[in-house]
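**Student:** These are the residues of each chain, in order.
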Amino acid sequence: MLLKEVFSTGSVATPWPVSIGEIIVSGDAGLSKTCEKKCKLSKACLSTHTSGESLCPHGLSYFVASIGETRIVVFGMKGEQVGTKISRELKLELKGRSLDERRFHSWVNSLSKLDKVIDNYILERQSELLDPLHDPIRLARQLESISVRLLDQTSSSAVRTVDAQLDHASTEMKSLVKAAGLLNDYFDLVSIYFNPAAARFGRPASMSLHGILRKITSILSGFETDEDGVKTKVIFRGECYRNFNLRESFKIIPFSLISNAVKYCLSGDVVVRLREMQDRVEVEVVSQGPPIEEDEIDLIFTKKYRGRWSKSLRKGEGVGLYLAKIVADAHDIQISATSRRLGGQMFGATPLATNTFRFEVPFQINR
Amino acid sequence: MEYISGVVSWFENASWLANFFGICVPVAGVVLAFRKWVSSKKTTGMSLPEVIERISKSPNKIDAKALGKVAFVDDEISDFPIAELKKAGYQISTYKQVSLSDVAVLATYDVIFLDIKGIVKDDPEEGGLKLLSSLRRLNPNQKICAVSNKQYDVLATKFFEQADDVAKKPMTAQKCSDLIDQFFVEKFSVDRIEQVMVAESNALDKAKRNEYLGSLSVLVENQDDPRKAIKLDSAVFPKLFEATVDLVRIYRHVA
Numbered sequence: 001m002l003l004k005e006v007f008s009t010g011s012v013a014t015p016w017p018v019s020i021g022e023i024i025v026s027g028d029a030g031l032s033k034t035c036e037k038k039c040k041l042s043k044a045c046l047s048t049h050t051s052g053e054s055l056c057p058h059g060l061s062y063f064v065a066s067i068g069e070t071r072i073v074v075f076g077m078k079g080e081q082v083g084t085k086i087s088r089e090l091k092l093e094l095k096g097r098s099l100d101e102r103r104f105h106s107w108v109n110s111l112s113k114l115d116k117v118i119d120n121y122i123l124e125r126q127s128e129l130l131d132p133l134h135d136p137i138r139l140a141r142q143l144e145s146i147s148v149r150l151l152d153q154t155s156s157s158a159v160r161t162v163d164a165q166l167d168h169a170s171t172e173m174k175s176l177v178k179a180a181g182l183l184n185d186y187f188d189l190v191s192i193y194f195n196p197a198a199a200r201f202g203r204p205a206s207m208s209l210h211g212i213l214r215k216i217t218s219i220l221s222g223f224e225t226d227e228d229g230v231k232t233k234v235i236f237r238g239e240c241y242r243n244f245n246l247r248e249s250f251k252i253i254p255f256s257l258i259s260n261a262v263k264y265c266l267s268g269d270v271v272v273r274l275r276e277m278q279d280r281v282e283v284e285v286v287s288q289g290p291p292i293e294e295d296e297i298d299l300i301f302t303k304k305y306r307g308r309w310s311k312s313l314r315k316g317e318g319v320g321l322y323l324a325k326i327v328a329d330a331h332d333i334q335i336s337a338t339s340r341r342l343g344g345q346m347f348g349a350t351p352l353a354t355n356t357f358r359f360e361v362p363f364q365i366n367r
Numbered sequence: 368m369e370y371i372s373g374v375v376s377w378f379e380n381a382s383w384l385a386n387f388f389g390i391c392v393p394v395a396g397v398v399l400a401f402r403k404w405v406s407s408k409k410t411t412g413m414s415l416p417e418v419i420e421r422i423s424k425s426p427n428k429i430d431a432k433a434l435g436k437v438a439f440v441d442d443e444i445s446d447f448p449i450a451e452l453k454k455a456g457y458q459i460s461t462y463k464q465v466s467l468s469d470v471a472v473l474a475t476y477d478v479i480f481l482d483i484k485g486i487v488k489d490d491p492e493e494g495g496l497k498l499l500s501s502l503r504r505l506n507p508n509q510k511i512c513a514v515s516n517k518q519y520d521v522l523a524t525k526f527f528e529q530a531d532d533v534a535k536k537p538m539t540a541q542k543c544s545d546l547i548d549q550f551f552v553e554k555f556s557v558d559r560i561e562q563v564m565v566a567e568s569n570a571l572d573k574a575k576r577n578e579y580l581g582s583l584s585v586l587v588e589n590q591d592d593p594r595k596a597i598k599l600d601s602a603v604f605p606k607l608f609e610a611t612v613d614l615v616r617i618y619r620h621v622a
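Chains as they are written, first to last, in our numbering: chain A, 1 to 367; chain B, 368 to 622.
None of these hints come from the bench; they were simulated from the model.
Model, not experiment: these values are computed from the prediction.
A portion of the hints provided could be inaccurate.
[Unchecked claim] Lysine-lysine pairs mimicking DSSO-like chemistry, simulated, CA-CA at most 27 Å apart: (1) Lys432(B) - Lys606(B); (2) Lys251(A) - Lys542(B); (3) Lys525(B) - Lys116(A); (4) Lys178(A) - Lys536(B); (5) Lys525(B) - Lys251(A); (6) Lys174(A) - Lys536(B).
With the hints as constraints, model all of the structure from the sequences given.
**Tutor:** Set out below in structure tokens:
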């Protein structure tokens, strides 16, 4: 939605005074005297949410419509609601400012078309720009598949699962399998980042949540090294051998939460807990790191937002938790976060807190 | 004897016109009723519940690998384990590139793995999406797996959303066979087919329904091509048409 920006350049003429988003354009008719004098600081008409024509407290018509999430208000006009019983002064002021709903909606429709043209253009360019990703994604999948086959060939026949094979593998083999797995997971993150609808692609299939968590924890454990060269361990606790109906994107939730915890872990290990309840399982990712302030608990799941304490500690884009939220929404799963300060313990200038990210998966999910 | 002589004298006393109607009308009535009875016996040779019962009671179980047909439509066929799948007994066809006019042939497959880009000569950019929409319209019962790594592309969203499932390339033999097996289970479910046929055939008027059910009962007795012999407009009732084709195939397969 670039309409606001397009209008702010002044290159697009508007016949009437209009507010697009927060931008006010005087238009060919210019602002009416009443608007200029009586509503110089704030205009009541701009905060209304009723679509169509309404009358402002000063007796002038204004027209409201929305294009996408942007509100458009044409104000200081003479519409049908102004009527004929108005002062001579107002009559003079409104001369040449007649507007009816039909003309207004036809103008809004043309803006809507312009908006669609801009949006389509952006999407097409984005599609073109992302096209080079196609082959690397394919190669990364090949790499992962070959690394898992190699791991299988070099493991004893008694060890069947990938995570168990990784436990016994050489350091090089571990790194190869982990790097290939991470590469694919990052590509999945990228796909959902550019196209959030991808979180809902494909049908849910029966999967072992325990298996997913085991694999992710074994890949992420000891993989990232902090600035002091210390590798953060990820410890997995709990059992649940039920299968759940999950979409392929589901793994993004634990992957993002655990990699986020590993990235900001300042003391001790990251603990992933899986607990089977009566009708659901609960997954908790617990680590000690920078505190998340109360007012940030919801904000950390929004795009590009970075916690006040964490942004000074590590480089980042503020997308991991945002992507976890997108995928959680696609599965109707709620992620909650709590942050409890550890008394007066500090890591340099940063207070330490126990941060817990938690979500639940009902047994009947997607059934 | 008295009765017969009474009837004879009645005819002798009546005019030639009364004799004509008195004899011809009952004879014609009997002939017409007999023909109707014969034709009704012919068209309702086996009813839908009877066909279903025969299938369920058959000692032969459905061998989905032998019954089902799978197509891979992708410009990079090497991304699929075709040799392994064929070795495992699946009936596989591959297409590197197709034309939008080939859609009728592609719609006859039970399962189709479809890429979005580079597969349609007439439209290399968006051909996969157009093909998928056409396939859905022609054969709503076909199982389609959208196979592409372009999940990041907003413009490809419709392609992935319209498919029954989505997969990334290259695909492993395990992933492929799991998907195909699952699709076969769903597509060759006799319960599902029966449900579709009962629900959809209720929308037909009586004459059309009789004609359609008649063609079904004939098809289970012979080996004619069901796509040509089913008395139903496939463009108007594609779901019912394809469900009937599947039922006939399953019947012939297990009977």
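**Student:** It remains to establish, for every hint, whether it holds in the given structure.
**Tutor:** Hints, verified against the model:
Taken as a hint, the Lys432(B) and Lys606(B) pair is honoured in the structure, with Cα atoms around 23 Å apart against an allowance of 27 Å. Of the supplied pair hints, the one linking Lys251(A) and Lys542(B) holds, its CA atoms being roughly 17 Å apart against a limit of 27 Å. Of the supplied pair hints, the one linking Lys525(B) and Lys116(A) holds, its CA atoms being roughly 17 Å apart against a limit of 27 Å. Of the pairs offered as hints, the one joining Lys178(A) and Lys536(B) holds, with about 20 Å between alpha carbons and a cut-off of 27 Å not exceeded.
Between Lys525(B) and Lys251(A) the CA atoms are separated by roughly 23 Å; this keeps the pair inside 27 Å, and the hint holds. Taking the CA atoms of Lys174(A) and Lys536(B), the gap is about 24 Å. The hint holds against a cut of 27 Å.
Of the numbered hints stated above, none is contradicted by the structure.
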